[in-house]
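S.K.: Chain by chain, the residues:
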Amino acid sequence: MNLSKTLFYLLTLGCFNVAIAQNQYLNYNKFKQLKEEIATPNVYRTAAGAPGHQYYQNEADYTMNITLNDQQQKITGSETIKYHNNSPDKLEYLWIQLDQNKRAQNSDSYKIQTGGVNSLNSRSIKNMNPDFKGGFNITSVTNIDRSALSYTIHQTMMRINLPQPLNSKETFELNIDWWYNINNRLEIGGRSGYEYFEEDNNYLYTIAQFFPRMCVYNDTEGWQNKQFLGTGEFTLPFGDYDVSISVPTDHIVAATGELVNAKEILSSEQLDRLEKARNSDKEPVFIVTEKEAIKNEKGVKKGLKKWHFKAENVRDFGWSSSRKFIWDAMVVRQPSKDVLAMSFYPKEGNPLWEQYSTKTVAHTLKSYSKFTFDYPYPVAISVHTKWIGMEYPMICFNGGRPEADGTYSKRTKYGMIGVIIHEVGHNYFPMIINSDERQWTWMDEGLNTFLQYLTEQEFEKGYPSRRGPAYKIVNYMKGDKNRISPIMTNSESIHQFGNNAYGKPATAMNILRETIMGRELFDYAFKIYSNRWMFKHPNPEDLFRSLEDASSIDLDWFWRGWFYSTDHVDIGLEGVKYYRINDQNPVSNKEDIKLNFEEVYNKDISNQRNKELDTYRAKDKGLEDFYTSYDPFKATEKEIKKYEDFRAKLNKDETKILKDNSHFYEINFKNIGGLVMPIILDFTLSDNTHKYFKIPAEIWKTDNEEISKMFAFEKSVKQIELDPYLETADTDRSNNFWPEKIEPSKFELYKYKNRRDRSSSNPMKKKK
Amino acid sequence: MNPTNIHETYVSITEIQLKNNRDLEISIELTAHDFEYAYNKEYNTSISTRILTENQKEYYDEKILFGYLKKHFIINAQTDTVSLNVIGHEINLEGILSIYIEGSFKNTTHNFNTFNDMLVRQLPNQQNIVNLKSDKNLSFTFNKNIKSHEFK
Numbered sequence: 001m002n003l004s005k006t007l008f009y010l011l012t013l014g015c016f017n018v019a020i021a022q023n024q025y026l027n028y029n030k031f032k033q034l035k036e037e038i039a040t041p042n043v044y045r046t047a048a049g050a051p052g053h054q055y056y057q058n059e060a061d062y063t064m065n066i067t068l069n070d071q072q073q074k075i076t077g078s079e080t081i082k083y084h085n086n087s088p089d090k091l092e093y094l095w096i097q098l099d100q101n102k103r104a105q106n107s108d109s110y111k112i113q114t115g116g117v118n119s120l121n122s123r124s125i126k127n128m129n130p131d132f133k134g135g136f137n138i139t140s141v142t143n144i145d146r147s148a149l150s151y152t153i154h155q156t157m158m159r160i161n162l163p164q165p166l167n168s169k170e171t172f173e174l175n176i177d178w179w180y181n182i183n184n185r186l187e188i189g190g191r192s193g194y195e196y197f198e199e200d201n202n203y204l205y206t207i208a209q210f211f212p213r214m215c216v217y218n219d220t221e222g223w224q225n226k227q228f229l230g231t232g233e234f235t236l237p238f239g240d241y242d243v244s245i246s247v248p249t250d251h252i253v254a255a256t257g258e259l260v261n262a263k264e265i266l267s268s269e270q271l272d273r274l275e276k277a278r279n280s281d282k283e284p285v286f287i288v289t290e291k292e293a294i295k296n297e298k299g300v301k302k303g304l305k306k307w308h309f310k311a312e313n314v315r316d317f318g319w320s321s322s323r324k325f326i327w328d329a330m331v332v333r334q335p336s337k338d339v340l341a342m343s344f345y346p347k348e349g350n351p352l353w354e355q356y357s358t359k360t361v362a363h364t365l366k367s368y369s370k371f372t373f374d375y376p377y378p379v380a381i382s383v384h385t386k387w388i389g390m391e392y393p394m395i396c397f398n399g400g401r402p403e404a405d406g407t408y409s410k411r412t413k414y415g416m417i418g419v420i421i422h423e424v425g426h427n428y429f430p431m432i433i434n435s436d437e438r439q440w441t442w443m444d445e446g447l448n449t450f451l452q453y454l455t456e457q458e459f460e461k462g463y464p465s466r467r468g469p470a471y472k473i474v475n476y477m478k479g480d481k482n483r484i485s486p487i488m489t490n491s492e493s494i495h496q497f498g499n500n501a502y503g504k505p506a507t508a509m510n511i512l513r514e515t516i517m518g519r520e521l522f523d524y525a526f527k528i529y530s531n532r533w534m535f536k537h538p539n540p541e542d543l544f545r546s547l548e549d550a551s552s553i554d555l556d557w558f559w560r561g562w563f564y565s566t567d568h569v570d571i572g573l574e575g576v577k578y579y580r581i582n583d584q585n586p587v588s589n590k591e592d593i594k595l596n597f598e599e600v601y602n603k604d605i606s607n608q609r610n611k612e613l614d615t616y617r618a619k620d621k622g623l624e625d626f627y628t629s630y631d632p633f634k635a636t637e638k639e640i641k642k643y644e645d646f647r648a649k650l651n652k653d654e655t656k657i658l659k660d661n662s663h664f665y666e667i668n669f670k671n672i673g674g675l676v677m678p679i680i681l682d683f684t685l686s687d688n689t690h691k692y693f694k695i696p697a698e699i700w701k702t703d704n705e706e707i708s709k710m711f712a713f714e715k716s717v718k719q720i721e722l723d724p725y726l727e728t729a730d731t732d733r734s735n736n737f738w739p740e741k742i743e744p745s746k747f748e749l750y751k752y753k754n755r756r757d758r759s760s761s762n763p764m765k766k767k768k
Numbered sequence: 001m002n003p004t005n006i007h008e009t010y011v012s013i014t015e016i017q018l019k020n021n022r023d024l025e026i027s028i029e030l031t032a033h034d035f036e037y038a039y040n041k042e043y044n045t046s047i048s049t050r051i052l053t054e055n056q057k058e059y060y061d062e063k064i065l066f067g068y069l070k071k072h073f074i075i076n077a078q079t080d081t082v083s084l085n086v087i088g089h090e091i092n093l094e095g096i097l098s099i100y101i102e103g104s105f106k107n108t109t110h111n112f113n114t115f116n117d118m119l120v121r122q123l124p125n126q127q128n129i130v131n132l133k134s135d136k137n138l139s140f141t142f143n144k145n146i147k148s149h150e151f152k
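From first to last, the protein sequence lines are chains A and B. Residue numbering for the first sequence follows the working numbering, starting at 1 and increasing by one per position. Residue numbering for the second sequence follows the working numbering, starting at 1 and increasing by one per position.
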């Protein structure tokens, strides 16, 4: 062995010993407080979960002139950004997001796609050499005086190299001119783009992430300039927008904000209808009818028309334009202000859209506001797409299209209502409660999916919600741990995006509300969090701390288990022992022993057959002695005296216990899945009455793996069921019953239920 | 962003129960919209759905569905290919397609191989989770790169 090898051996051995020693003394208790995982409270974010006394956020105001080229599907824009540095820091440079560069031919988002030859498909082959010429073409970056400004573009990020550092409390203005080719959303994909309608040769544009947008600079990330790779969405500073959009003169435009030049661009009839809509809180009013939209889509008028919008205190701007649009609106009345709920859709969306879209927008605002705050913006808009759901402030793009003959399945209807609720709901998370989506998808998608579930259930009894109830997350949570990530995983690194960032956090919130905290404590605390972080940038610990601080419930174990681990819930009834109190009375005790003895003796087959046997001793009295008449099961006088002395010494409480005729059960519980949760039990007693117990998760606080607990009842127990109302997401219910009970699998349930009638067909089609 | 419509879920969940080390009872859950998308791309045709009056649920033409599964979901033991029999399917209002399958090995077995490449060619992020319940509980995730796995 040479010296270097010896050294290596010793070092390795040393490290190994140290590792073992560390592991022995680490605290792995599942109730360990989250001090090491979450940021230390400071002047910006308090230990209570609220913004601190020196909390700050920078702002960006935009003035933009946009032109849509409908012939070439191209957008040109020039913008002025006024950036306010409210931070205490001096900024040497600014970072700006260029999301369209994700579709540039040299984009990293194409390069990082993985897979071998057997995973090739048409899209992955296309992505190796993308032929679509996407991405921003930046034609000018200048100071406010139009002198050139130094900048560096790196993929989807652009750094503005400031001539002088921007001091705290100072403002910097710059201009950027740009253009890009719009993607065909149905062929190339994307959150925004266009859909082409071949039948009438028209385009429907849903436009977003369309302009160079300021990054967020804050106390936790510095500049949030992680590249946009396609999954982790956006985080943007709040600001005021003044946007003019020039589109073909016969287009109708929907956009973030209020239309400020309605009188110049709408007909007097349209203005009257819009005014009527502002006073209609029951039914939507058409501003453009289907008949008018069909007429509009048939002819192409020359020239451009400028639509002018203004939006205050928003984090982004999105818009949509088409000559195919039908437009309807109704007012939503709130204590603090009225809101105009609106929908824009082509005839292809009907009859679903005219009946449900705007009413769903209105319902969403009412329901979400109840759990958070009054919707603070003047409009909320739902725009029809073939299939997508994507959100921007005040405007969202939603799928749900009937078949060509106007019929639709129930699935399409509920899918459409669900997507509108979800996307309109995003106004609250993350448009107003402005979390960092690039870092944490779950903070907006998870919380929004949770409120979507509550809103769907308020829409219609039995609404087929996909996510929310605990039992719906079971299949995901019990799956292969190699392909599951903790919720607290960066947006780009998540396995099973939908379940991880939408389903599991939504379920976790619902479990908190229904089981851990209860509706009253949860709703109050959730509202506190929402109002604290309205128009601000919260982090995960701000949510965790707010829910604890406003409810007096230590939830660190819950966040640790549900958000920081991939443990699942599987609590098993591992053993049940039965006990009665022995009152020490020798008379009754010996009587019990006698009964037990006789029971065994009488059961024996030989004893039964020998009942009539004429024995020797029966015939010969000379064989009798003391033991012939001695009854070993009768208490002696000495034993009775001793018992009476014992009773005389007992106090009142001790006497009461001795008289207790209860049935005692000692139950052993095993935590197989790893996630600690409350133990919820339903006991069925011998008289078929039920006793319900809900034991907080803290029962596991000293032993996280195995515990036992005693229960006492006046009657004996026939059955014990663990988690009877499916509250905890227990992944294996086969160990939830005593005596053991096998619940039928999904397969068995299907197999044995009545098969359907296969002869029927689409009832809507039949009726036509 | 809504995962239902923009395909952010990309997950199927299959529950296999192996009874007496011989009999297989299988339920597969797929997002119906994902399945329709993948089927239409693979066969360059449109799979049609029908709605029944009884319970307002939708169903596919079963021959089409069976043909797809025969190609993309296969189970066999070392010398024993199992003939899987699809006993039915349903699509619920949440948009989940559930398929029910049964089959038997000729000989008792503890180990068997599963091939699962459902939807992965058309949806490269698709993950197919298979949970096995037999004398032990096992789980494995298939994807575009891992299409075959031996449960043992």
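Be aware that a few hints might be false.
Derived lysine to any residue pairs resembling SDA-like cross-links, with alpha carbons at most 25 Å apart [unchecked claim]:
#: 1; chain 1: A; residue 1: Lys-472; chain 2: A; residue 2: Ser-734
#: 2; chain 1: A; residue 1: Lys-746; chain 2: B; residue 2: Asn-85
#: 3; chain 1: B; residue 1: Lys-152; chain 2: A; residue 2: Asp-338
#: 4; chain 1: B; residue 1: Lys-41; chain 2: B; residue 2: Glu-29
#: 5; chain 1: B; residue 1: Lys-133; chain 2: A; residue 2: Lys-359
#: 6; chain 1: A; residue 1: Lys-472; chain 2: B; residue 2: Ser-98
#: 7; chain 1: A; residue 1: Lys-347; chain 2: A; residue 2: Lys-310
#: 8; chain 1: B; residue 1: Lys-41; chain 2: A; residue 2: Glu-348
#: 9; chain 1: B; residue 1: Lys-152; chain 2: A; residue 2: Lys-359
#: 10; chain 1: B; residue 1: Lys-133; chain 2: A; residue 2: Lys-347
#: 11; chain 1: B; residue 1: Lys-71; chain 2: A; residue 2: Lys-741
#: 12; chain 1: A; residue 1: Lys-410; chain 2: B; residue 2: Asp-135
#: 13; chain 1: B; residue 1: Lys-19; chain 2: A; residue 2: Arg-733
#: 14; chain 1: A; residue 1: Lys-751; chain 2: B; residue 2: Arg-121
#: 15; chain 1: B; residue 1: Lys-133; chain 2: A; residue 2: Glu-740
#: 16; chain 1: A; residue 1: Lys-751; chain 2: B; residue 2: Gln-17
#: 17; chain 1: B; residue 1: Lys-41; chain 2: A; residue 2: Glu-403
#: 18; chain 1: B; residue 1: Lys-147; chain 2: A; residue 2: Glu-492
#: 19; chain 1: A; residue 1: Lys-472; chain 2: B; residue 2: Asp-80
#: 20; chain 1: B; residue 1: Lys-152; chain 2: A; residue 2: Glu-292
#: 21; chain 1: A; residue 1: Lys-746; chain 2: B; residue 2: Leu-84
#: 22; chain 1: A; residue 1: Lys-359; chain 2: A; residue 2: Asp-338
#: 23; chain 1: A; residue 1: Lys-741; chain 2: B; residue 2: Leu-84
#: 24; chain 1: B; residue 1: Lys-136; chain 2: A; residue 2: Gln-71
#: 25; chain 1: A; residue 1: Lys-751; chain 2: B; residue 2: Asp-135
What the hints contain is simulated information worked out from the structure, not anything from laboratory work.
S.K.: State for each hint whether it applies.
M.R.: Hint check results:
For the given pair, Lys-472 of chain A sits about 17 Å from Ser-734 of chain A by alpha-carbon distance, which is consistent with the 25 Å threshold. The straight-line distance between the Cα atoms of Lys-746 of chain A and Asn-85 of chain B is roughly 16 Å, inside the 25 Å bound, and the hint therefore holds. Our distance criterion of 25 Å between C-alpha atoms is broken by Lys-152 of chain B and Asp-338 of chain A, whose separation comes to about 63 Å. Among the hinted pairs, Lys-41 of chain B with Glu-29 of chain B is consistent with the structure: their alpha-carbon atoms are about 20 Å apart, no more than 25 Å.
At roughly 46 Å between alpha-carbon atoms, Lys-133 of chain B and Lys-359 of chain A are farther apart than 25 Å, so this suggested pair is violated. Restraint check for Lys-472 of chain A and Ser-98 of chain B: the C-alpha separation of about 14 Å stays at or below 25 Å, so the hint holds. Using a Cα cut-off of 25 Å, the hinted pair Lys-347 of chain A and Lys-310 of chain A is violated, with the two alpha carbons roughly 28 Å apart. At roughly 23 Å between alpha-carbon atoms, Lys-41 of chain B and Glu-348 of chain A fall within 25 Å of each other, so this suggested pair holds.
For the suggested pair Lys-152 of chain B and Lys-359 of chain A, the alpha carbons sit about 54 Å apart, so the restraint of at most 25 Å is broken. Restraint check for Lys-133 of chain B and Lys-347 of chain A: not satisfied, since their Cα atoms lie roughly 50 Å apart, outside the 25 Å limit. About 37 Å separates the Cα atoms of Lys-71 of chain B and Lys-741 of chain A, which puts this hinted pair outside 25 Å; it is violated. Simply put, Lys-410 of chain A and Asp-135 of chain B have alpha-carbon atoms about 40 Å apart, too far for the 25 Å limit, and the pair is violated.
Between Lys-19 of chain B and Arg-733 of chain A, the direct Cα distance comes to roughly 18 Å. Compliance with the 25 Å bound is thereby established for this hinted pair. The straight-line distance between the Cα atoms of Lys-751 of chain A and Arg-121 of chain B is roughly 31 Å, outside the 25 Å bound, and the hint therefore fails. Our distance criterion of 25 Å between C-alpha atoms is met by Lys-133 of chain B and Glu-740 of chain A, whose separation comes to about 17 Å. Among the hinted pairs, Lys-751 of chain A with Gln-17 of chain B is consistent with the structure: their alpha-carbon atoms are about 14 Å apart, no more than 25 Å.
Between Lys-41 of chain B and Glu-403 of chain A the CA atoms are separated by roughly 19 Å; this keeps the pair inside 25 Å, and the hint holds. Pair hint Lys-147 of chain B plus Glu-492 of chain A holds up; C-alpha atoms about 24 Å apart against a cutoff of 25 Å. A distance of roughly 35 Å separates the Cα atoms of Lys-472 of chain A and Asp-80 of chain B; the hinted pair therefore is violated under the 25 Å criterion. Restraint check for Lys-152 of chain B and Glu-292 of chain A: the C-alpha separation of about 66 Å exceeds 25 Å, so the hint is violated.
Only pairs whose Cα atoms come within 25 Å are accepted, and Lys-746 of chain A paired with Leu-84 of chain B is accepted, the gap being roughly 17 Å. Of the pairs offered as hints, the one joining Lys-359 of chain A and Asp-338 of chain A holds, with about 15 Å between alpha carbons and a cut-off of 25 Å not exceeded. Distance restraint check for Lys-741 of chain A and Leu-84 of chain B: the Cα-Cα separation of roughly 29 Å exceeds the 25 Å cut-off, and the hinted pair is therefore not satisfied. Annotation: proposed proximity of Lys-136 of chain B to Gln-71 of chain A is violated, straight-line Cα distance about 63 Å (limit 25 Å).
With a C-alpha separation of about 22 Å, the suggested pairing of Lys-751 of chain A with Asp-135 of chain B holds against the 25 Å cut-off.
In this structure, the hints that do not hold are numbers 3, 5, 7, 9, 10, 11, 12, 14, 19, 20, 23 and 24, in rising order.
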